[in-house]
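> Those protein sequence lines, which keep their order, are chains A and B. Quick note: the first sequence, position 321, residue 321 per the numbering used here, numbers continuous. Each position in the second sequence, counted from 1, maps to that position plus 331 in the numbering used here.
Simulated from the structure, these hints should not be mistaken for lab results. Idealized CB from N, CA, C, for every residue including glycine. Careful, some of the hints might be misleading.
[To be verified] Not the full set, but computed from the structure, chain B residues with beta-carbon under 10 Å of chain A:
#1 S343
#2 V562
#3 L597
#4 Q598
#5 A599
#6 Q605
#7 V616
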Amino acid sequence: MTFMPKLLGTAAALALSAGAALADPALIFDLGGKFDKSFNESAYNGAQRWVEETGGSYNEVELQSDAQREQALRRFAENGNDPIVMAGFSFMTPLAEVAPDYPDTTFVIIDGVVEAPNVKSIIFSEHEGSYLVGMLAGMASETGTVGFVGGMDIPLIRKFACGYAEGVLAANPDATVIANMTGTTPAAWNDPVRGSELTLAQIGQGADVVFAAAGGTGLGVLQTAADEGIYSIGVDANQNYLHPGSVLTSMLKRVDNAVYDAFMAGDEIETGLAMLGVAEDGVGAAIDEHNQDLITDEMQAALDEARAGIEAGEIEVHDYTSDESCPSVSF
Amino acid sequence: MDFITIVQILDSTIRLAVPLLLACLAGLFSERAGIFDIGLEGKMLAAAFMSGAVAYTTGQVWIGLLAGIGASLLLSGIHGLASITFRGNQLISGVAINFLAAGLSVVIAQDWFGQGGRTPNISGDARFNGITLPGADAIESTPFIGPIYEELLSGHTIIVYIAFLTVPLTWWILFKTRFGLRLRAVGENPAAVDTAGVSVVGLRYAAVGICGILTGLAGAYLATALQAGFVKDMTAGRGFIALAALIFAKWRPWYALSACLLFGFLQAVALRFQNIDLGLVELPVQFMDALPYILTVIILAGFVGKAIPPRAGGQPYVKER
Numbered sequence: 001m002t003f004m005p006k007l008l009g010t011a012a013a014l015a016l017s018a019g020a021a022l023a024d025p026a027l028i029f030d031l032g033g034k035f036d037k038s039f040n041e042s043a044y045n046g047a048q049r050w051v052e053e054t055g056g057s058y059n060e061v062e063l064q065s066d067a068q069r070e071q072a073l074r075r076f077a078e079n080g081n082d083p084i085v086m087a088g089f090s091f092m093t094p095l096a097e098v099a100p101d102y103p104d105t106t107f108v109i110i111d112g113v114v115e116a117p118n119v120k121s122i123i124f125s126e127h128e129g130s131y132l133v134g135m136l137a138g139m140a141s142e143t144g145t146v147g148f149v150g151g152m153d154i155p156l157i158r159k160f161a162c163g164y165a166e167g168v169l170a171a172n173p174d175a176t177v178i179a180n181m182t183g184t185t186p187a188a189w190n191d192p193v194r195g196s197e198l199t200l201a202q203i204g205q206g207a208d209v210v211f212a213a214a215g216g217t218g219l220g221v222l223q224t225a226a227d228e229g230i231y232s233i234g235v236d237a238n239q240n241y242l243h244p245g246s247v248l249t250s251m252l253k254r255v256d257n258a259v260y261d262a263f264m265a266g267d268e269i270e271t272g273l274a275m276l277g278v279a280e281d282g283v284g285a286a287i288d289e290h291n292q293d294l295i296t297d298e299m300q301a302a303l304d305e306a307r308a309g310i311e312a313g314e315i316e317v318h319d320y321t322s323d324e325s326c327p328s329v330s331f
Numbered sequence: 332m333d334f335i336t337i338v339q340i341l342d343s344t345i346r347l348a349v350p351l352l353l354a355c356l357a358g359l360f361s362e363r364a365g366i367f368d369i370g371l372e373g374k375m376l377a378a379a380f381m382s383g384a385v386a387y388t389t390g391q392v393w394i395g396l397l398a399g400i401g402a403s404l405l406l407s408g409i410h411g412l413a414s415i416t417f418r419g420n421q422l423i424s425g426v427a428i429n430f431l432a433a434g435l436s437v438v439i440a441q442d443w444f445g446q447g448g449r450t451p452n453i454s455g456d457a458r459f460n461g462i463t464l465p466g467a468d469a470i471e472s473t474p475f476i477g478p479i480y481e482e483l484l485s486g487h488t489i490i491v492y493i494a495f496l497t498v499p500l501t502w503w504i505l506f507k508t509r510f511g512l513r514l515r516a517v518g519e520n521p522a523a524v525d526t527a528g529v530s531v532v533g534l535r536y537a538a539v540g541i542c543g544i545l546t547g548l549a550g551a552y553l554a555t556a557l558q559a560g561f562v563k564d565m566t567a568g569r570g571f572i573a574l575a576a577l578i579f580a581k582w583r584p585w586y587a588l589s590a591c592l593l594f595g596f597l598q599a600v601a602l603r604f605q606n607i608d609l610g611l612v613e614l615p616v617q618f619m620d621a622l623p624y625i626l627t628v629i630i631l632a633g634f635v636g637k638a639i640p641p642r643a644g645g646q647p648y649v650k651e652r
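My request is simple: use the sequences and hints to build the entire structure.
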């Protein structure tokens, strides 16, 4: 038993040194991977911006399977990382289990809500951003018919579709909105062929602007829109550069800002629920050198007006997830 | 529903049916020779990746196509080695190939292009473009025949026409040549073939090789004709639908064509009309998506005809027991 105190001493020293080590933040990417040109890449860009500005360092991991979620969370928490930021609604269940075990660590979950004293939940008002791009779609459309291609049929994607339809109808009350979902399984996020066919079917019904909120499937939508000479709208990250001249705009979801702010705040982070909408610059329509020729002054003016209206609370965009229904479009 | 809508749906049917058809015929050759192949999905995926990646790198879609077929042949070789030479379990080997392709394609793409497991967009010569059949533009305005010729028959990529020609070719090879007779025999009773002094192993490798070429075409069609590049998991279960079509077609080439066209048609209808109102009931889109599998189960259960697989299918051939 003589070695026992020694062992305990070593353990204590280790624990001390772990505690004394700088509380680096950590970032966990979802299954899409760090360079998905979309959601996760946006999170990565936010973290990189923080590194450039502060010179700090952070730990990160790209998950390979669902089973690794809890493992990754525990590993970073044991490692003393603080805060631990995770991108994706799929972390809700594992985080709810892990968070109470590490009361001194702050967790930040993007796109999901976990009720715990040490968790900050960040939700984006996708319906507001979709409303903005929907307005642009309604104004850009010459046929008066616009399309929406969703990925997997989940409430989050219907929230996109509903906000979009409201925006289209605000710009052109006579417009028709065709909303299609790619599928009901996760394979729907990575089926560009189906995305293409859906786009062609919508074009056949007269659509000349198509909004894709469908992950990898959306790349097929954007490609077909470019091939067929109609407009498309990207999602999450700025996808305007993919097909300049064809991508009308992108519905930005500033995951990068959310990650950046969380890293900046460090352990001072305010826990609880945060909604990032148009007013907080959390969502918006992307205008850059690739699409500025497509956006007329009239459209820009309408966009600014709508943005101000939403900020001031004059325009209220229906949130599908609030009552699981949408007055403007049927699915 | 007006005429032009019908033509558009049929046009979509053709595009959706072609990858199924090629994969289905690939499975047909393999299974007729007694090698079950549930690795069609993985081979298509590997071919889609290689064709997209090489077409982008070289700027030549034909080199990309060859590379895609090469990748698919390589996986076929592994399947052949495991299930013919080493007499392993064909199903396990097929599953392994699916996993291998799903993982490797993303890892290599990430290492090669650094774009998150996909290839950069290809355009121009690096992609199969639609072929306008002679006179298509002239005849376009003719009522009835015009849209059918211009929309439906013309404007597809070369692989579509190759795929449809493969059907009579498959029928001719399997049922009119000596090679075809032996190939079918090796799937029914390899011992008899062996007694006749014909190499069972050689025939089975040939069948697996043909399977590799056809899945290679299917994969390349996805990545370089329908799409402009590879995206991870882009086959999205088409290899399995092709297997269902193969059973539905009772391992016959012409039936395979109709089965694939039917499945493609069901998908096209599901994509065009989300929910179909039949007056009394409304069919949800999920039902249309599930219909190919439901039909296959009905066939397998023996309600409509009987699907009898090749007798020696799935069994490795051992000369002396």
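> Taking the hints in turn, state whether each one holds.
Hints, one by one, checked against the model:
| no. | hint | in the structure |
| --- | --- | --- |
| 1 | S343 | 6 Å, holds |
| 2 | V562 | 5 Å, holds |
| 3 | L597 | 13 Å, violated |
| 4 | Q598 | 8 Å, holds |
| 5 | A599 | 7 Å, holds |
| 6 | Q605 | 6 Å, holds |
| 7 | V616 | 8 Å, holds |
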